[in-house]
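Student: Listed below, chain by chain, are the residues.
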Amino acid sequence: MQGGGPTLEVEDLWVSIAGKQVLKGVNVKVGQGETHALFGPNGCGKTTLLSTIAGIPRYVVDRGTIRFKGEDITHMPIHERAKLGIGIAFQHPPTIRGLKVRDMIQLCNPQANAEKILADLDFEDFADREVNKGFSGGEVKRSEMVQLLAQEPDFVMLDEPDSGVDLENIKVIGRAINSLTQKDLKPSMRTKSGVIITHFGHILDYMATDKAHVMIDGTIVCSGSPKEILEQIKVNGYEGCAACLCPV
Amino acid sequence: MSMSRLEEKAKKALDKKAALGTDIDIESYDSESEDFGEIEALEMLPEDIQTAAVNAGVSLSGESAGDYFQVDQSAVHRGSSMEGIEVMDIGAALKEHSYLEDYFWKLVPIDTDKYTADVGMHPQAGYFIRAKPGTKTIFPLKTCLFMGGKNKRQRVHNVVIAEEGSDLHIITGCTTPSHAGKGLHLGVSEVYVKKNAHVTFTMVHNWGEEVEVRPRGASRIDAGGSISENYITLTPVKSLQAFPTATLVGEGAVASFNTIMYARRGNIDIGNQTVLAAPHTSAESISRVVSTGGEIINRGRMVGKVPDIRAHVECVGLILTEKGRIYSIPELDGWCGGLDMSHEAAVGKISQVELEYLMARGLSTDEATSVIVRGFLDVEIKGLPPALKEEIQKITKLEEIYGGS
Numbered sequence: 001m002q003g004g005g006p007t008l009e010v011e012d013l014w015v016s017i018a019g020k021q022v023l024k025g026v027n028v029k030v031g032q033g034e035t036h037a038l039f040g041p042n043g044c045g046k047t048t049l050l051s052t053i054a055g056i057p058r059y060v061v062d063r064g065t066i067r068f069k070g071e072d073i074t075h076m077p078i079h080e081r082a083k084l085g086i087g088i089a090f091q092h093p094p095t096i097r098g099l100k101v102r103d104m105i106q107l108c109n110p111q112a113n114a115e116k117i118l119a120d121l122d123f124e125d126f127a128d129r130e131v132n133k134g135f136s137g138g139e140v141k142r143s144e145m146v147q148l149l150a151q152e153p154d155f156v157m158l159d160e161p162d163s164g165v166d167l168e169n170i171k172v173i174g175r176a177i178n179s180l181t182q183k184d185l186k187p188s189m190r191t192k193s194g195v196i197i198t199h200f201g202h203i204l205d206y207m208a209t210d211k212a213h214v215m216i217d218g219t220i221v222c223s224g225s226p227k228e229i230l231e232q233i234k235v236n237g238y239e240g241c242a243a244c245l246c247p248v
Numbered sequence: 001m002s003m004s005r006l007e008e009k010a011k012k013a014l015d016k017k018a019a020l021g022t023d024i025d026i027e028s029y030d031s032e033s034e035d036f037g038e039i040e041a042l043e044m045l046p047e048d049i050q051t052a053a054v055n056a057g058v059s060l061s062g063e064s065a066g067d068y069f070q071v072d073q074s075a076v077h078r079g080s081s082m083e084g085i086e087v088m089d090i091g092a093a094l095k096e097h098s099y100l101e102d103y104f105w106k107l108v109p110i111d112t113d114k115y116t117a118d119v120g121m122h123p124q125a126g127y128f129i130r131a132k133p134g135t136k137t138i139f140p141l142k143t144c145l146f147m148g149g150k151n152k153r154q155r156v157h158n159v160v161i162a163e164e165g166s167d168l169h170i171i172t173g174c175t176t177p178s179h180a181g182k183g184l185h186l187g188v189s190e191v192y193v194k195k196n197a198h199v200t201f202t203m204v205h206n207w208g209e210e211v212e213v214r215p216r217g218a219s220r221i222d223a224g225g226s227i228s229e230n231y232i233t234l235t236p237v238k239s240l241q242a243f244p245t246a247t248l249v250g251e252g253a254v255a256s257f258n259t260i261m262y263a264r265r266g267n268i269d270i271g272n273q274t275v276l277a278a279p280h281t282s283a284e285s286i287s288r289v290v291s292t293g294g295e296i297i298n299r300g301r302m303v304g305k306v307p308d309i310r311a312h313v314e315c316v317g318l319i320l321t322e323k324g325r326i327y328s329i330p331e332l333d334g335w336c337g338g339l340d341m342s343h344e345a346a347v348g349k350i351s352q353v354e355l356e357y358l359m360a361r362g363l364s365t366d367e368a369t370s371v372i373v374r375g376f377l378d379v380e381i382k383g384l385p386p387a388l389k390e391e392i393q394k395i396t397k398l399e400e401i402y403g404g405s
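Chains as they are written, first to last, in the UniProt record's numbering: chain A, 1 to 248; chain B, 1 to 405.
Simulated from the structure, these hints should not be mistaken for laboratory data.
Treat the hints with care, since some could be wrong.
[To be verified] Pairs of lysine-lysine residues, derived as DSS-like cross-links and limited to a Cα-Cα distance of at most 27 angstroms, are as follows:
hint	chain 1	residue 1	chain 2	residue 2
1	B	Lys-106	A	Lys-133
2	A	Lys-29	A	Lys-211
3	A	Lys-133	B	Lys-349
4	B	Lys-106	B	Lys-132
5	B	Lys-305	B	Lys-106
6	B	Lys-150	B	Lys-238
7	A	Lys-100	A	Lys-133
8	B	Lys-238	B	Lys-349
9	A	Lys-211	A	Lys-171
10	B	Lys-389	A	Lys-133
11	A	Lys-20	B	Lys-349
12	A	Lys-234	A	Lys-29
13	B	Lys-17	B	Lys-95
14	B	Lys-389	A	Lys-100
15	A	Lys-69	A	Lys-234
16	B	Lys-132	B	Lys-11
17	A	Lys-234	A	Lys-24
18	A	Lys-100	B	Lys-16
19	B	Lys-349	A	Lys-100
20	B	Lys-150	B	Lys-95
21	B	Lys-238	B	Lys-182
[What the hints assert, rightly or not] Across the chosen pairs, the derived CB separations fall in these ranges:
hint	chain 1	residue 1	chain 2	residue 2	range
22	B	Glu-7	A	Arg-129	53 to 63 angstroms
23	B	Asp-340	A	Arg-58	38 to 48 angstroms
24	B	Asp-308	A	Ala-119	47 to 57 angstroms
25	A	Leu-84	B	Lys-150	29 to 39 angstroms
26	A	Glu-228	B	Ala-345	49 to 59 angstroms
27	B	Lys-349	A	Ala-119	33 to 43 angstroms
28	B	Ser-351	A	Glu-168	24 to 34 angstroms
29	B	Ala-345	A	Leu-84	20 to 30 angstroms
30	B	Lys-349	A	Leu-167	33 to 43 angstroms
31	A	His-202	B	Ser-61	30 to 40 angstroms
32	A	Met-189	B	Gly-62	44 to 54 angstroms
33	A	Ala-119	B	Gly-181	52 to 62 angstroms
34	B	Gln-352	A	Leu-84	17 to 27 angstroms
35	A	Ile-17	B	Asp-366	23 to 33 angstroms
[To be verified] Every beta carbon over 12 angstroms from chain B, so not counted as near; a handful from chain A, in silico:
hint	residue
36	Thr-74
37	Asp-210
38	Asp-217
39	Ala-243
In this text, a Cβ means the ideal position worked out from N, Cα and C, and glycines have one as well.
Work out the full structure: start from the sequences and follow the hints.
Tutor: Structure (structure tokens):
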């Protein structure tokens with residue numbers, strides 16, 4: 001049980017893909033009701049961290065533990081983690097032939113109010129289209145948000161939900177993320193948490209984050225205020241983060 | 001050709017093995033069948049036959065343009081519910097329409113192999129369906145070939161004529177009761193599509209595990225006409241071999257074949273060929289086959305005889321278990337310059353990425369697999385009336401089809 005502890009606790013996590021070490025001792029905690037941003041250069045391991053937490057088998061945990069709501073989920077199958085309340089918006093989701101968006105919503109959660117969710121994401125026109133088939137970059141991202149809103153996870157992971165999305169739709173997606181992470185409630189009432197990977201930070205203008213981390217070469221090198229860290233990255237680049245000696 | 005000359009030809013072919021498929025000892029199946037007489041209305045059919053028909057895509061409710069029900073060798077019910085549509089049993093039609101001689105055994109030679117010869121040597125059963133010129137059906141004609149007896153040999157000979165400018169949609173469910181044992185189904189279908197006529201011809205096979213099946217089909221399409229032949233079989237069968245041919249003889253004629261198959265066991269050799277013999281004709285053959293232990297040979301053949309034709313073959317298969325075999329054979333046979341023929345073939349497994357994606361939404365491995373397989377088999381078949389489309393979707397989504405092993 002949670003008992004006031006963090007929703008997610010990653011401890012000394014080492015992960016390899018096809019024999020290549022990608023994560024090298026990641027430590028991170030996300031408290032109940034908190035939303036964290038994760039920054040870092042391409043290939044530093046951000047997607048690997050999220051995919052490992054989701055339980056994708058090709059990300060092999062060599063060392064360390066992942067605890068969710070106090071339970072060790074390090075070696076739990078993907079769908080059991082989803083049932084426990086972990087949700088993920090993939091950066092490049094596949095097309096699911098023959099499965100309509102509307103039916104996918106039902107699969108995510110038979111009780112979900114499909115019409116409302118589709119309307120919130122301005123996605124009604126896609127309800128009878130096959131999932132991700134022929135979708136543009138921005139449509140794929142909205143499709144991911146639709147599915148997560150149906151799933152209602154307690155912990156949501158968003159892998160670049162703003163890449164390839166125009167300004168108008170960034171607002172829509174930001175609103176959906178705020179809803180998923182209960183930013184419409186006062187902080188003490190929030191139970192849902194999340195982590196977002198973003199390169200440009202535009203999305204952060206439309207959603208609330210409590211903390212940010214910088215990942216470089218498979219470890220988290222800096223944690224702090226999202227605005228401050230983003231500002232530093234803009235001024236000094238990730239090299240500046242790497243050179244910075246401030247304690248994590 | 002007179003009946004006696006046809007019989008003579010058939011007699012000579014009684015031992016002629018088929019070009020494809022495992023050889024069957026026809027004589028090990030009983031030739032004689034009980035006469036089931038006729039019923040006044042389809043609702044009077046025994047419940048097990050009604051259920052079997054529904055599971056083969058033929059619902060007795062809903063609107064239809066006509067129907068034909070055959071139990072073993074007895075035509076128990078037939079009728080047309082639309083003016084301009086003629087539905088008869090083939091025996092009666094041959095007696096009534098002397099012109100049928102020009103159509104009977106003209107597309108499928110009676111001496112093709114021992115199966116056609118056996119059909120030709122015995123009293124005729126099967127349907128004759130004709131759409132008079134300009135008649136356009138919106139609702140499908142529902143036909144069902146039911147094999148109820150044990151160790152029976154069912155012989156069927158169907159002739160379909162879509163006269164000039166007509167539209168005809170036929171669904172044929174071929175089925176056995178759930179308790180059926182051994183059986184042999186021999187089915188000859190000859191389909192004539194006249195100028196500017198459009199036909200969809202959909203066969204759903206839902207046989208028992210001990211049934212052997214040898215359909216022999218051919219169609220001829222005149223100028224501006226089109227045929228969409230759809231073949232669906234999702235339940236186990238002992239052995240099945242079919243390779244129907246569509247011949248496009250008139251300018252601008254179109255043929256499209258869709259094959260949807262799911263084989264848990266058994267030996268299946270399925271395919272089709274289109275002969276494009278007139279300019280500006282086009283053809284497409286799309287098959288989606290899944291093996292969870294069965295052996296499937298999946299053929300798609302296009303023969304381009306003249307310039308300015310287009311043909312495409314797509315043979316795609318999934319093997320979901322350790323055992324199982326899919327042998328995909330797309331064939332393109334071009335006889336001149338100025339052709340456009342292509343193919344795409346793939347045999348593989350379910351995409352791990354798709355599986356993980358669905359599992360990340362909370363579906364178990366089995367649930368995710370069945371969602372992907374159903375999607376794979378959900379081929380968009382063009383030109384079908386909505387009612388028929390719904391029936392086919394129901395069939396490909398039946399839970400029990402994918403259960404068990």
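Student: Hints numbered earlier in the text: which of these fail when held up against the supplied structure?
Tutor: Numbers 1, 13, 15, 16, 18, 20, 25, 29, 31, in rising order.
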